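There are 2 protein chains.
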Amino acid sequence: MGEKNRYWRLTRRPIGDDYASALDLVEEETPDLVDGDVLIRNTYLSLDAGTRMWMTAREDSYSPPTPLGCPVIGMVLGEVIASRHPDFREGDLVRAYGQWSDFSVSRPDETYVERVSRRLDDVRQHLAVFGPNGWTGYLGVAEYGAAKAGDTFVVSAASGVTGALAGQVAARLGCRVIGITGSAEKAAWITEDWGFDAAVNRQDGDVAEQLRTLCPDGIDLYFDNVGGEILDAALENMALFGRVAICGLLTSYGEEGPIPGPYKFDQVLMKRLNFTGFFSPDFYHRGPDVNRRLRPWYEAGDLRMTFDVTDGLENTLTAYSRLLSGAKIGKSLVRLGNAND
Amino acid sequence: MGEKNRYWRLTRRPIGDDYASALDLVEEETPDLVDGDVLIRNTYLSLDAGTRMWMTAREDSYSPPTPLGCPVIGMVLGEVIASRHPDFREGDLVRAYGQWSDFSVSRPDETYVERVSRRLDDVRQHLAVFGPNGWTGYLGVAEYGAAKAGDTFVVSAASGVTGALAGQVAARLGCRVIGITGSAEKAAWITEDWGFDAAVNRQDGDVAEQLRTLCPDGIDLYFDNVGGEILDAALENMALFGRVAICGLLTSYGEEGPIPGPYKFDQVLMKRLNFTGFFSPDFYHRGPDVNRRLRPWYEAGDLRMTFDVTDGLENTLTAYSRLLSGAKIGKSLVRLGNAND
Chain P
1 MGEKNRYWRL TRRPIGDDYA SALDLVEEET PDLVDGDVLI RNTYLSLDAG
51 TRMWMTARED SYSPPTPLGC PVIGMVLGEV IASRHPDFRE GDLVRAYGQW
101 SDFSVSRPDE TYVERVSRRL DDVRQHLAVF GPNGWTGYLG VAEYGAAKAG
151 DTFVVSAASG VTGALAGQVA ARLGCRVIGI TGSAEKAAWI TEDWGFDAAV
201 NRQDGDVAEQ LRTLCPDGID LYFDNVGGEI LDAALENMAL FGRVAICGLL
251 TSYGEEGPIP GPYKFDQVLM KRLNFTGFFS PDFYHRGPDV NRRLRPWYEA
301 GDLRMTFDVT DGLENTLTAY SRLLSGAKIG KSLVRLGNAN D
Chain L
1 MGEKNRYWRL TRRPIGDDYA SALDLVEEET PDLVDGDVLI RNTYLSLDAG
51 TRMWMTARED SYSPPTPLGC PVIGMVLGEV IASRHPDFRE GDLVRAYGQW
101 SDFSVSRPDE TYVERVSRRL DDVRQHLAVF GPNGWTGYLG VAEYGAAKAG
151 DTFVVSAASG VTGALAGQVA ARLGCRVIGI TGSAEKAAWI TEDWGFDAAV
201 NRQDGDVAEQ LRTLCPDGID LYFDNVGGEI LDAALENMAL FGRVAICGLL
251 TSYGEEGPIP GPYKFDQVLM KRLNFTGFFS PDFYHRGPDV NRRLRPWYEA
301 GDLRMTFDVT DGLENTLTAY SRLLSGAKIG KSLVRLGNAN D
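Protein sequences appear in the order of chains P and L.
Going by my numbering, the residue at position 300 of the first sequence is 300; the numbering climbs one at a time, nothing skipped.
Going by my numbering, the residue at position 277 of the second sequence is 277; the numbering climbs one at a time, nothing skipped.
Since the hints were made in silico from the structure, they are not lab data.
This one's a predicted model, so the numbers in the text were calculated from it and none came from an experiment.
Residues on chain L that point at chain P, a partial pick, calculated with CB under 7 Å:
| id | residue |
| --- | --- |
| 1 | S61 |
| 2 | Y62 |
| 3 | I246 |
| 4 | G261 |
| 5 | D266 |
| 6 | L273 |
| 7 | N274 |
| 8 | F275 |
| 9 | G277 |
| 10 | F278 |
| 11 | F279 |
A virtual CB, placed ideally from N, CA and C, is assigned to each residue, including glycine.
Chain P with its partners taken away, still in its complex shape (with noise of 0.2 Å):
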């Protein structure tokens, strides 16, 4: 191609929220394309929680972590301007596996490509309601977690894109909703501008004294996206017979070492409970499906999303750590120079 292409190049395995000392930005020459590659250029970069976990090599991750030396992963939003696939031509728009950079080469035979609609009111939404996040909340509350009209329905990280996904999938089935939040703007955004029946803020003080303030007859279904003494807090408050949907353990991502289990894991015996985890990749080929599940909610106002949205593929760590520590609210995404929006 000529262009130059600029990538994350994770370079160290990163300690703790130091991701400057171990991803470096490098330019290279647009990669050539070899049969079956499309070439794809970003349009924004979805940031996700799970990404942190592929730069660590832990044992006993989902899939083999990133190799040092080797561009970061990660889905993107963008159009295929090269082809040599014949299922994609120039001009598509895509979401993908792409990479933190300028173009992504994707290969649609070994990797996630699904072109998608530009016929939607905000495409960033490809990245939201009807991405991976959206389809992670509306299977991890309705089929994962088996909710159910009247069940009292708790979620972690309530003002991220999954958990906020979550909470209104569940309002949507009956459920009366509670957010478990980070801050009184979280907790303020999330009951007035989507609808959560109640929210618990932790710096309120004891999240499990909050929330048997607000579950006297305990949780039914507790969506957990971070692990750690929320989900014990949680699991302290769980129904006999509840579920537990873990879609995440997000506090243990960045850890090094033996990570104790929730020290209320015997709950699952003492209430009969059920834990179950899930990961969005085993059902990408059910997207369109839960799609269109979802639209006549998006389009009824009953599913929405804000986005904090960076510009400039070089504030991607500043925007990632904005994510991690919960800096946000909503879909976090990196907008790079061609959007048009």
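Put chain L on the given structure of chain P with help from the hints.
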């Protein structure tokens, strides 16, 4: 009645396995019955690990602990010798929640009392294959654990009654069955006498490593009776989408203070596992139905159980220590003076 009744009274909360300092064998007049009571002459006491939990004043247990000063509650097999309940009469053989005592007073409208048949080749099986342990084994494997032919099945405390029956049920359902035990004698017993495909002996070194060798494709269903480091060893070896049926967490029952959950808890997410806790009183009403399924397997010789019998109510605490320390094989019973076999 005029007859003396001896019973084990919980005088203090036991520390660790020191039952002698916590329980006293006391004598009283056999209590008078009121309407709705039955008086049972206990023939066998069923010793069960879960009773340990009720001796401790733990928060968040299944149910409130046994109050101090009261008799220890436990499952018994015995004969009704007086009845003020219309559904029971003198001479009935019953399995019931009674007391660790010579005579039990039980109220069938408030607690579990079920008439059972004398026409069984070994009536002790009413407290083993055809009692709560058998139901737990069957439902834990077939329903909560969703075992299917071809699964690799692992069970802890495999030489205990529930573990052994779970393993034999899994074998009948077509699983490859591996038991974790605490000695070479037990390992030989479960493979030679109970038909397990393989055994892990904890004394032979690292359990996780042994499981890795025996289950190269991972564990599809782990049936846990113990929790703690054995649960961690299993979690480290789960197959993708594996299930963990949590029947007991024996290692934590005598513990005080916060107990960390499994260090490999994050495998619930990494391997997308399902954990289910269950508790036999939830399904006592299904006992007759489960027994109809188990009967032909028993008659075919595919469900076998041996008994660890201690004679004399006065020796109950010694027997109970043997149970919790694992110094026995099969079902632990205390036989009282009136047993005929």
